[in-house]
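Novice: Based on these hints, arrange chain B on the given structure of chain A.
Protein chains: 2
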Amino acid sequence: MAGKAVKGITVKKEDDFSEWYTQLVHKAELADLRYNIKGFVCYLPWSTITIKKMYDKYEHLLEEKGHLPLIMPSLIPEENFKLEAEHVEGFIPQVFWVTEAGDVKLDEKLALRPTSETALYKMYSYWVRSYKDLPFKRYQSCQVWRYEGKSTRPFFRGREFHWIEAHNVFATEEDARNQVLEDMEVTHLMIEEEFAIPIIFFQRPEWDKFPGAIHTYAADALMDSGRVLQLPSTHLLGTNFSKPFNVKFVDKDNKEKLGHITCYGPAISRIYGAMIAKLGDDQGLILPFNLAPVQIVVVPIIFEKSKAQVLKKCQEIEKKFKSDYIVKLDDRDYATPGEKFNEWEMKGVPIRIEVGPKDLENDSVTLVVRHNTKKSSVKIKDLRAHVKKIADSYTADVKKKNLVKFEDEVQNCDTLEEVKEAIKKKKIVRCGFCSLEMDAYACAESIEKDLLISIRGKKFKDEKEKFDKCIVCGKPAKETVYLAKSY
Amino acid sequence: MAGKAVKGITVKKEDDFSEWYTQLVHKAELADLRYNIKGFVCYLPWSTITIKKMYDKYEHLLEEKGHLPLIMPSLIPEENFKLEAEHVEGFIPQVFWVTEAGDVKLDEKLALRPTSETALYKMYSYWVRSYKDLPFKRYQSCQVWRYEGKSTRPFFRGREFHWIEAHNVFATEEDARNQVLEDMEVTHLMIEEEFAIPIIFFQRPEWDKFPGAIHTYAADALMDSGRVLQLPSTHLLGTNFSKPFNVKFVDKDNKEKLGHITCYGPAISRIYGAMIAKLGDDQGLILPFNLAPVQIVVVPIIFEKSKAQVLKKCQEIEKKFKSDYIVKLDDRDYATPGEKFNEWEMKGVPIRIEVGPKDLENDSVTLVVRHNTKKSSVKIKDLRAHVKKIADSYTADVKKKNLVKFEDEVQNCDTLEEVKEAIKKKKIVRCGFCSLEMDAYACAESIEKDLLISIRGKKFKDEKEKFDKCIVCGKPAKETVYLAKSY
Numbered sequence: 001m002a003g004k005a006v007k008g009i010t011v012k013k014e015d016d017f018s019e020w021y022t023q024l025v026h027k028a029e030l031a032d033l034r035y036n037i038k039g040f041v042c043y044l045p046w047s048t049i050t051i052k053k054m055y056d057k058y059e060h061l062l063e064e065k066g067h068l069p070l071i072m073p074s075l076i077p078e079e080n081f082k083l084e085a086e087h088v089e090g091f092i093p094q095v096f097w098v099t100e101a102g103d104v105k106l107d108e109k110l111a112l113r114p115t116s117e118t119a120l121y122k123m124y125s126y127w128v129r130s131y132k133d134l135p136f137k138r139y140q141s142c143q144v145w146r147y148e149g150k151s152t153r154p155f156f157r158g159r160e161f162h163w164i165e166a167h168n169v170f171a172t173e174e175d176a177r178n179q180v181l182e183d184m185e186v187t188h189l190m191i192e193e194e195f196a197i198p199i200i201f202f203q204r205p206e207w208d209k210f211p212g213a214i215h216t217y218a219a220d221a222l223m224d225s226g227r228v229l230q231l232p233s234t235h236l237l238g239t240n241f242s243k244p245f246n247v248k249f250v251d252k253d254n255k256e257k258l259g260h261i262t263c264y265g266p267a268i269s270r271i272y273g274a275m276i277a278k279l280g281d282d283q284g285l286i287l288p289f290n291l292a293p294v295q296i297v298v299v300p301i302i303f304e305k306s307k308a309q310v311l312k313k314c315q316e317i318e319k320k321f322k323s324d325y326i327v328k329l330d331d332r333d334y335a336t337p338g339e340k341f342n343e344w345e346m347k348g349v350p351i352r353i354e355v356g357p358k359d360l361e362n363d364s365v366t367l368v369v370r371h372n373t374k375k376s377s378v379k380i381k382d383l384r385a386h387v388k389k390i391a392d393s394y395t396a397d398v399k400k401k402n403l404v405k406f407e408d409e410v411q412n413c414d415t416l417e418e419v420k421e422a423i424k425k426k427k428i429v430r431c432g433f434c435s436l437e438m439d440a441y442a443c444a445e446s447i448e449k450d451l452l453i454s455i456r457g458k459k460f461k462d463e464k465e466k467f468d469k470c471i472v473c474g475k476p477a478k479e480t481v482y483l484a485k486s487y
Numbered sequence: 488m489a490g491k492a493v494k495g496i497t498v499k500k501e502d503d504f505s506e507w508y509t510q511l512v513h514k515a516e517l518a519d520l521r522y523n524i525k526g527f528v529c530y531l532p533w534s535t536i537t538i539k540k541m542y543d544k545y546e547h548l549l550e551e552k553g554h555l556p557l558i559m560p561s562l563i564p565e566e567n568f569k570l571e572a573e574h575v576e577g578f579i580p581q582v583f584w585v586t587e588a589g590d591v592k593l594d595e596k597l598a599l600r601p602t603s604e605t606a607l608y609k610m611y612s613y614w615v616r617s618y619k620d621l622p623f624k625r626y627q628s629c630q631v632w633r634y635e636g637k638s639t640r641p642f643f644r645g646r647e648f649h650w651i652e653a654h655n656v657f658a659t660e661e662d663a664r665n666q667v668l669e670d671m672e673v674t675h676l677m678i679e680e681e682f683a684i685p686i687i688f689f690q691r692p693e694w695d696k697f698p699g700a701i702h703t704y705a706a707d708a709l710m711d712s713g714r715v716l717q718l719p720s721t722h723l724l725g726t727n728f729s730k731p732f733n734v735k736f737v738d739k740d741n742k743e744k745l746g747h748i749t750c751y752g753p754a755i756s757r758i759y760g761a762m763i764a765k766l767g768d769d770q771g772l773i774l775p776f777n778l779a780p781v782q783i784v785v786v787p788i789i790f791e792k793s794k795a796q797v798l799k800k801c802q803e804i805e806k807k808f809k810s811d812y813i814v815k816l817d818d819r820d821y822a823t824p825g826e827k828f829n830e831w832e833m834k835g836v837p838i839r840i841e842v843g844p845k846d847l848e849n850d851s852v853t854l855v856v857r858h859n860t861k862k863s864s865v866k867i868k869d870l871r872a873h874v875k876k877i878a879d880s881y882t883a884d885v886k887k888k889n890l891v892k893f894e895d896e897v898q899n900c901d902t903l904e905e906v907k908e909a910i911k912k913k914k915i916v917r918c919g920f921c922s923l924e925m926d927a928y929a930c931a932e933s934i935e936k937d938l939l940i941s942i943r944g945k946k947f948k949d950e951k952e953k954f955d956k957c958i959v960c961g962k963p964a965k966e967t968v969y970l971a972k973s974y
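Chains as they are written, first to last, in my numbering: chain A, 1 to 487; chain B, 488 to 974.
It is worth saying that the hints were derived from the structure and are not from the lab. Heads up, some of the hints might be wrong.
Using C-beta positions, here's what the derived DEER-type ranges look like [as the list claims (entries may be wrong)]:
#	chain 1	residue 1	chain 2	residue 2	range
1	A	Lys7	B	Ala572	34 to 44 Å
2	A	Lys243	B	Tyr613	45 to 55 Å
3	A	Cys142	B	Glu950	42 to 52 Å
4	A	Asp56	B	Asn733	46 to 56 Å
5	A	Asp414	B	Glu550	38 to 48 Å
Derived lysine-lysine pairs resembling DSBU-like cross-links, with alpha carbons at most 30 Å apart [unchecked claim]:
#	chain 1	residue 1	chain 2	residue 2
6	B	Lys539	A	Lys52
7	B	Lys946	A	Lys248
8	A	Lys459	A	Lys449
9	A	Lys322	A	Lys52
10	B	Lys500	B	Lys972
11	B	Lys892	B	Lys868
12	A	Lys137	A	Lys255
13	B	Lys945	A	Lys57
14	B	Lys624	B	Lys735
15	A	Lys53	B	Lys815
16	A	Lys109	B	Lys592
17	B	Lys956	B	Lys946
18	B	Lys499	B	Lys907
19	B	Lys514	B	Lys953
20	A	Lys53	A	Lys82
21	B	Lys799	A	Lys252
22	A	Lys52	A	Lys320
23	B	Lys619	A	Lys320
24	A	Lys82	A	Lys13
25	B	Lys624	A	Lys38
26	B	Lys815	A	Lys52
27	A	Lys57	B	Lys624
28	B	Lys739	A	Lys312
29	A	Lys82	A	Lys255
30	B	Lys619	A	Lys52
31	B	Lys540	A	Lys132
32	A	Lys252	B	Lys514
As the structure is a prediction and not an experimental result, all values here were calculated from the model. Cβ atoms here follow ideal geometry from the backbone N, Cα and C, with glycine treated the same way.
One chain only, chain A, in its complex shape (with noise of 0.2 Å):
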């Protein structure tokens, strides 16, 4: 909003994070909270036009990989809902309904979509119907209502939040295996390349696996602090709801079978939440390069007499980068530089041009790099070259600060004391577990009650570590599992 200065956050993110993400969603215009039904939010321009960068990012490579957009009705009759018995006792206590309609009582309940495989599915049975068919690869960017208990946090989550939902039928389950493969490589591309998040997939424990699934692979985002976010999952379905929606097909041997399902579902309002909190500092946002809604902003340092031509070496500037990059001049005159300083800091806009009456002197300008706050004279000769240096490095430097080695959060234990230490020292476990079987519920209830943290199952590949036993229970260990605080 106009004229305000913008105060910087009061408090350090290491010291305190949900109040540090607090003010900069608020401070940086993220959204707004004030909306007046509990769990919704107002995302504000700014965010909305990143996250519609990583909506085109995202779709663009996944129509590379074979999906294809369609765009699905957002209500699901309470009979498809009811048909995967798992399915249904997952997601119904976060349904919202729609009873009613103009002055009408409806005939039968229409769930919001918490998810659309239930609608999906219904209608896969009419479009698959031949191996010529196979593999089919659908996708739809949508939103999402899930009526959620535990309390809510911008982006992170919320009652309605914006995704992508993958849902592909196969022939067989290793060609559905393969698809949940390709997930994990897409997620990678997305979130570690793009989005500068660092991941790892853990395959989940049956207690928290996608309600119908066979399996859950979920990415898990390792935050600051050593707690973890869950980020994408791919789920396979097998033909769980292959048989109650009856998604069949006449394979090459003229014989009837079932689909082999798979989903796969970015949230990617929750990634901008995971990236904004990743990269984020103690002056505010960090977004990499290409999904700034401002990539460059150029401040005039305005004195009366040198006015005109500062004004005048500013518009240049903005008119010599526009075409290969998105530039604002902020020329407002109700508001001191040091206040457009702090609010584009805030904004996390990669590029500062500075142009004062001293600088003209020298024919140069005050270049400032947002993410690591390097501030350096430039002659406006050099300019152009200095700013694509910039430009073309920014968001792998960004990487290079945020893309951490798993490994080097992780921490070996073999008793609940090392655990607690090393849950304190900001760690995330690695411990033997009986297994990741229902069997192994009791377990996992005890630790994560006592502990306040999450079994976030086993690595999906290339485990080495081995424990002999429980760490809870003391009896053998089948699995080696990671143990994480979770937001």
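Specialist: Chain B only, in chain A's frame:
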């Protein structure tokens, strides 16, 4: 769906538009109507891809005109909804209500937004504070839900549709009126220039304006068969909503004033429907070149002997054009060339390149242009230039065929008998009318019921024709109005 021969549309568009449209939607695989909630349909990939391109173009232009995007919750508390009396009266019969979540009955009913005034303006009262914030121009791309009584038709009218809504606040009525003009310009640039649909703007009668508006200016698409279809409308809301929602700003003179609000709602899914209806022909879909999901399809004519060479040439052609166009090589071996021709014609692919052994012998290919079915043999060395020429002029050619002159569609009438004749001849009627205020509602009602037509309002500008008497009651005519059959 794979392997099925696409049979042509079995009726002519001009003989039975409704049946033609239904078959087109089905056979070009644009939407599936089998979803099990009345009035809700699935948009299939072929329509979704084009709709996404339309959104991109529209959003880009709105942003160029100074609108910023945001994302609002899709649920609106009943209390917001009831703040503006005309608005609530107009919309309440159409609202879907969420009344339950999980197993909880909600304290307050939540409306699935039928439009977002009452969600947004609540927030605008926080966001707009000073004259420095003005003009305040925002848009969101989203879906809305309306419990439509009228019969639905895919894309034209459904209970969930996809639109953009722009909502703007200005310091003065004059600024607001200028925004209405800008909205009209945007509409022409999009609907006519990009989507090739002829439109004309009318100021709607009092009884047909947006609930809560001072005036509504709506674009009517001039469809074949003399019918019109309402496309985007822009509304001058004045201070009707600012008052109850408290959208005020402190002006330069330090006084608090009410903001002047306008809103504009292009329904992208409906515009898509209008486009396929207006542009399509008896062979199926025709699309502007830049909106086609596939721009060039390469079809090999395969005989066993020359199969390898033909396929190789097709792959070369695909590769040649891939960097500049969206090309698809249709090498399915379970469909005949004839089936493929029909399918891609039905789907409106602008350019078809056929490659058979005879073509190869002559170092040429066969080129077919969808919108005029012109077929030519082109030497391979000239292919790039030929394709570029067709591509560059394709949309202009489609527009030439479709952008009729409004005056050619109109007939002046002085009696109801003449009106009947004109409507029979598929004309839009121009005539005198007592007024467009509520005192003329009785006249409107009688003629609309008797002749199954509607009063579209008065032309927004440049009206040269004057009539002495109202065509219904014979009293002096204050206005020159237009009557037409509408979808």
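Novice: If any of the earlier hints don't hold here, list their numbers in rising order.
Specialist: 4, 5, 7, 11, 13, 19, 20 and 24
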